[in-house]
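Residues per chain are reported as follows:
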Amino acid sequence: NLTSLLTATGTSNDSAALVGQFICDRFDAVAGTLTAHNLAVDNTYLLFSTYLVFSMQIGFAMLCAGSVRAKNTMNIMLTNVLDAAAGGISFYLFGYGFAFGRSSNNNGFIGSNFFALHKMPNAENGFDYSFFLFQWAFAIATAGITSGSIAERTQFVAYLVYSSFLTGFVYPIVAHWLWSVDGWAGAAAPTNRLLGVGAIDFAGSGVVHMVGGIAGLWGALIEGPRIGRFSKNGSNGMDMRGHSASLVVLGSFLLWFGWYGFNPGSFVKILAPYDSFQGNWTGVGRTAVTTTLSGSAAALTTLFARRFFTGHWNVTDVCNGLLGGFAAITSGCAVVEPWAAIICGFVASWVLMGFNYVALKVKYDDPLEAFQLHGGCGAWGVFFTGLFAREKYVAEAYGPGRGHGLFMGGGGKLLAAQIIEIFVIIGWVSATMGPLFFLLKKFNLLRISAEDEMSGMDLTRHGGSAYNIEEPELRFNASGGNLTGNKKNTQPSEQVIPMA
Amino acid sequence: NLTSLLTATGTSNDSAALVGQFICDRFDAVAGTLTAHNLAVDNTYLLFSTYLVFSMQIGFAMLCAGSVRAKNTMNIMLTNVLDAAAGGISFYLFGYGFAFGRSSNNNGFIGSNFFALHKMPNAENGFDYSFFLFQWAFAIATAGITSGSIAERTQFVAYLVYSSFLTGFVYPIVAHWLWSVDGWAGAAAPTNRLLGVGAIDFAGSGVVHMVGGIAGLWGALIEGPRIGRFSKNGSNGMDMRGHSASLVVLGSFLLWFGWYGFNPGSFVKILAPYDSFQGNWTGVGRTAVTTTLSGSAAALTTLFARRFFTGHWNVTDVCNGLLGGFAAITSGCAVVEPWAAIICGFVASWVLMGFNYVALKVKYDDPLEAFQLHGGCGAWGVFFTGLFAREKYVAEAYGPGRGHGLFMGGGGKLLAAQIIEIFVIIGWVSATMGPLFFLLKKFNLLRISAEDEMSGMDLTRHGGSAYNIEEPELRFNASGGNLTGNKKNTQPSEQVIPMA
Amino acid sequence: MAFAGCANGGLSNLTEFLTAGGASNASAEAVGTFLCGRFDEISTTLAAHTLAVNNTFLLFSAYLVFSMQIGFAMLCAGSVRAKNTMNIMLTNVLDAAAGGISFYLFGYGFAFGRSDNNNGFIGSNYFALHHTPDAGRGFDFSFFLYQWAFAIAAAGITSGSIAERTQFVAYLVYSSFLTGFVYPIVAHWVWSVDGWLGAAALNNRLFGVGSIDFAGSGVVHMVGGIAGLAGAYIEGPRMGRYGPDGKPAMDMRGHSASLVVLGSFLLWFGWFGFNPGSYIYIVVPYDDFTGNWTGVGRTAVTTTLAGCAAALTTLFARRWMTGHWNVTDVCNGLLGGFAAITAGCAVVEPWAAIICGFGSAWVLIGFNVLAAKLKYDDPLEAAQLHGGCGAWGLIFTGLFAREKYVSEAYGTGRGHGLFMGGGGKLLAAQIIEILVISGWVLATMGPLFLLLKRFNLLRISSDDEVAGMDLTRHGGAAYYHEDSPQFLTPNATNKPARTVPHATP
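Chains as they are written, first to last, in my numbering: chain A, 1 to 500; chain B, 501 to 1000; chain C, 1001 to 1505.
Simulated from the structure, these hints should not be mistaken for laboratory data. Computed from a prediction, not measured in an experiment: that's the story for all the values here. Heads up, none of these hints are tricks.
With beta-carbon atoms standing in for the labels, derived distance ranges:
no.	chain 1	residue 1	chain 2	residue 2	range
1	C	Ile1431	A	Ala29	47 to 57 angstroms
2	B	Phe809	A	His118	27 to 37 angstroms
3	C	Val1169	A	Gly228	27 to 37 angstroms
4	A	Tyr274	B	Phe809	56 to 66 angstroms
5	C	Ser1407	B	Leu593	25 to 35 angstroms
6	C	Lys1375	B	Tyr857	53 to 63 angstroms
7	C	Asp1287	B	Leu593	19 to 29 angstroms
8	C	His1131	A	Asn106	39 to 49 angstroms
9	C	Gly1208	A	Asp275	36 to 46 angstroms
The beta-carbon is built from N, C-alpha and C at its ideal position, and this holds for glycine as well.
Work the whole structure out from these sequences, hints included.
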């Protein structure tokens, strides 16, 4: 092309070819370098976002540990560690392939490639290892949610079974529907989108939070409440507070920290310009802002509402409200205005309190409020996106031709798609996880014995209590004279009988 | 060049020069900007990786705190804070120069420049401040490992001495051997590599973990076990569990989080393309994946194996197994396939359990299992790399002409180099740290007195207990009526006598 | 000096050259247009790359700064008695949450808002993120988030000073006021390009140089510390802290050193976002090897070394003074070193950072001695640490700032340190900053706390203080152990009855 231009200027063909070649080589070299830069920046961004999402696992572990009674701390923390570890193996072997695998058998329901990272990295689809790791961090977050709902009364084996099934199959299918370019339901699909627009679930209020929450709902329903949680005469029974608010606050803050990987990170690429100043980096920044504001609004709303209802300024309630605000904004974080995020958080707080009220009425026992929080606020978030998604932001995040919110002049199409998303997720998770929990119950693998529950699983199943404060008498009589030796450790060290 | 081409097209010399100048100026400007981008991206990547590695220090502190008895918590946490602080000063003054200093006195044994950051940043060698900080974070991790082995019975002064010596001299020498381009042992050297190939210790299974673990072995051996750990009649004595499993899990998770800086960060540069889609960013992503899978496999193996042996599902054992898997994969993380990482983790778990079994038999007392974990699994990791390193990945990470694994068709050269690495590290650390600990013992500076050990160092040396729960009677009789005021704080506030 | 394609008449130049080379006008224009089109494309792509890298850097720095909030929460929780843990943690959560709303609505606009009404005292735009992103002035959302993380850190400092004896309502009032108004004004003075005080101003700088407070020893730490000083002084010490004889009676140690260490380490972690992140842009080359990335790295190094030196100094000094090796003291010393280096982190040499940390350890110890003498009770030592070491940090910058680094970080024509051959101008500007920050914060927060006291909204009742606020105001204790009776009987008293709001003291 350049050569022909040069020839037109009157230079000889050969020379023109040489000049053209020289200049175009330079341009190609520049283009090659720019591509490398592009990939390096995007992958750096994605990897560090992944690490942040992983830190949510630390948050879950601490939140769960603090929210249960001391006698079950070892149990719940072990489940959290294994979420990540067992989830790592099962998502590597199956889950990732079901969710994002692309091959000639592409279909809207399930993926079919990339099992055990076969054919990865995949230049054709633009998938590198960092994308796998990012998705893994999401999958284990889902399993972490469920473990909260069934805490303090579930056999460890049941936990291992459902966790692998959830991260290896149930969750990936939903992720495929909503996030894969082949999925039938999501706005990410280039063609044949649901109702022509596709549901918008940017970072997973539905895919992650509702899936985890509804799985937890079935588990907790089928197991029934903890012994003593509700008394027979219909009063509220025991409150069963967690044993350490410090751990709850630590966990909540770590989740907040990690959410900055979860929501803004879901752009996956940061180097995509919109104009000379804005680009995905603007979207990423705005997403971080909407996330912050929604959580903040939910926390403040919960603070004052709970103060009004109970007379206390309660930090654990505020933390739950905060997390509810985050779970709700997760769906629309990239496509709504910051002011709308405040509305989202405000309502999420009331949704959570409403669900908690109902749970108490129907004697549903969820030690972490995981269903109410992730299921309830997650569903509200998916719905909210159908109301407030802004056309410009949707086009920037997904491309043109998707729907936008009812209140933003977009009509009801997106809202309809969002509602369909809510229902199919409820249906799919109930149809898979419900029977699984029933089956586990049938085979006596679900709930621990009443004795175990009274004395705590740590002592009976996990080798001892989480906390060992020795010699209290020594601590209080440290006058220097009566230093007695260590008392024999009272933890059971003999082998316990395997589960009855 | 372009000018001569243009002249050949028939344009006059002057104009050709002008046109050529114009175009080449533009290309130079592009190249300059690209260089700046390159440096900015690489440094951003390295710095954030450094921060992640630093967060491992938080992990160590929490892991150590949770793993010791409550009465020594203040002591162990202080050593962890000082690892970072004293390590910062000694690595700045000496360690960094010994490890990476390059001058006209280059030699394979020890570095000789950059002391106190003199002549940094150094364009010639491509060393900027971020590289120093990254290496500092590694050095303090080494010292942190050792402090676990000798916990609960070591004088604080001994700790200060060995820690400065380790981060200022012993560790940097090993780092120079393996990681400096001048080193005699490592694959990083451009020429004169050990056996022609050089040992591959990508992120330091040997350099960091074995050094820390073996130093700990000598310390713990020379000090002997804690009082009461093993009884005189040969039975197992007391179990001496840590005082808080929550802190153990928190610490383990933070270490996992930080390991994403440790292993993938060791690429140092992310902007190095291999082809039009892959580059160091692919290697970095794959390294994060192998790290995750190895730890996950080790955690799961430990879970079931310990369940089989003890009858419990034990979370602290699982956490140790997890960390063992990480310590093992650290050497080969960048050069093995994801599936090989699972093998690595599986075996690491058995290595750890084996060493723990032996330790119990020979009455070796290591409160954090630091030698078994970092020394044992680290050595396995170095060995493993000699078996499974893949040629393509080695060439991408180190350049062509290095060795690859025995099972991957690379013959035994790399494996031999790996075995040599294991032995010289054992030899060097034993030859330096062994005498140091002996000397400290000789001068009565190593072990605390039996009285101090019985009552706990916090009370006798560190100004009081880590935990102060007031009004114990309130906690146990919180019937609402007898809210008594605070009791007088029972902590000793008077000056204690300095060490006998 | 970023690549600018064929801007500024490049196209006509090239066309002219080609024409002179003998090509016909039309063809020359075609060739020129083609080449320049390519160059402009590259220029656009490079601009996008620059923005992407800078924003990535800034956002992840903001996340790190946010993690300091986790650190504050844990540090505060561990430093108070168990009976007030719920209370202090709630204040920390609300720092972030209430601060998020008030900084979004007001604070950010007061601090950085630029409009036609630009003035040196207060900003006037961007309220509720209106007009953001602002391409003309280069402000994107990430900048807001970064500044928010700073604002909530300032409020977190103050909550430590007045811990264990403050009504929760008072806390809500002062916190919103601080993050929404007091702090942003100071930030505007020192950090906005319109500010009258700081070296960031484009022209009309104070004494011609402007004060250098790179990451906020003054703007963040002194503001938080002095606000805490005012609050703690007006409230008075906790019951039993000082005996009638004026001697410190009870030590009132925090309930968990583990949480203190966790918090301190998390603050250290977050400080890597706080100080190096304050460069905002990382893609700014100085020459063909160094650039802002070098400055960022050096800032991380100076930060680390100052903290390390302060920790070690405190360790040995306290060992000498008390006979103990005390980990909580060492943690405080460490944080004091960080607070001090924050002002000069980008413009001093690494060796100077060690001096800074060494000095700050003694400043903190000195202020603590003074506080005990004056019966000033600050559970977290927040005023001593952030106020005292922060002020020392500003003076230190006036002494040790290096000319080369100042011009790299701020541009030419700013001042440098007295000991580095820069004369006294910068030092004078630094001292002015200390004085005006002290004056402004005392003039705004002092009356606020007095007013709260007047309306009986400041201090809790002595019954509450003895029983602990967790039980009386926050729905129960932070820690529960099942062997306590309330867990063995249903409907036991682990849920306190609804309390009467605001008992009279």
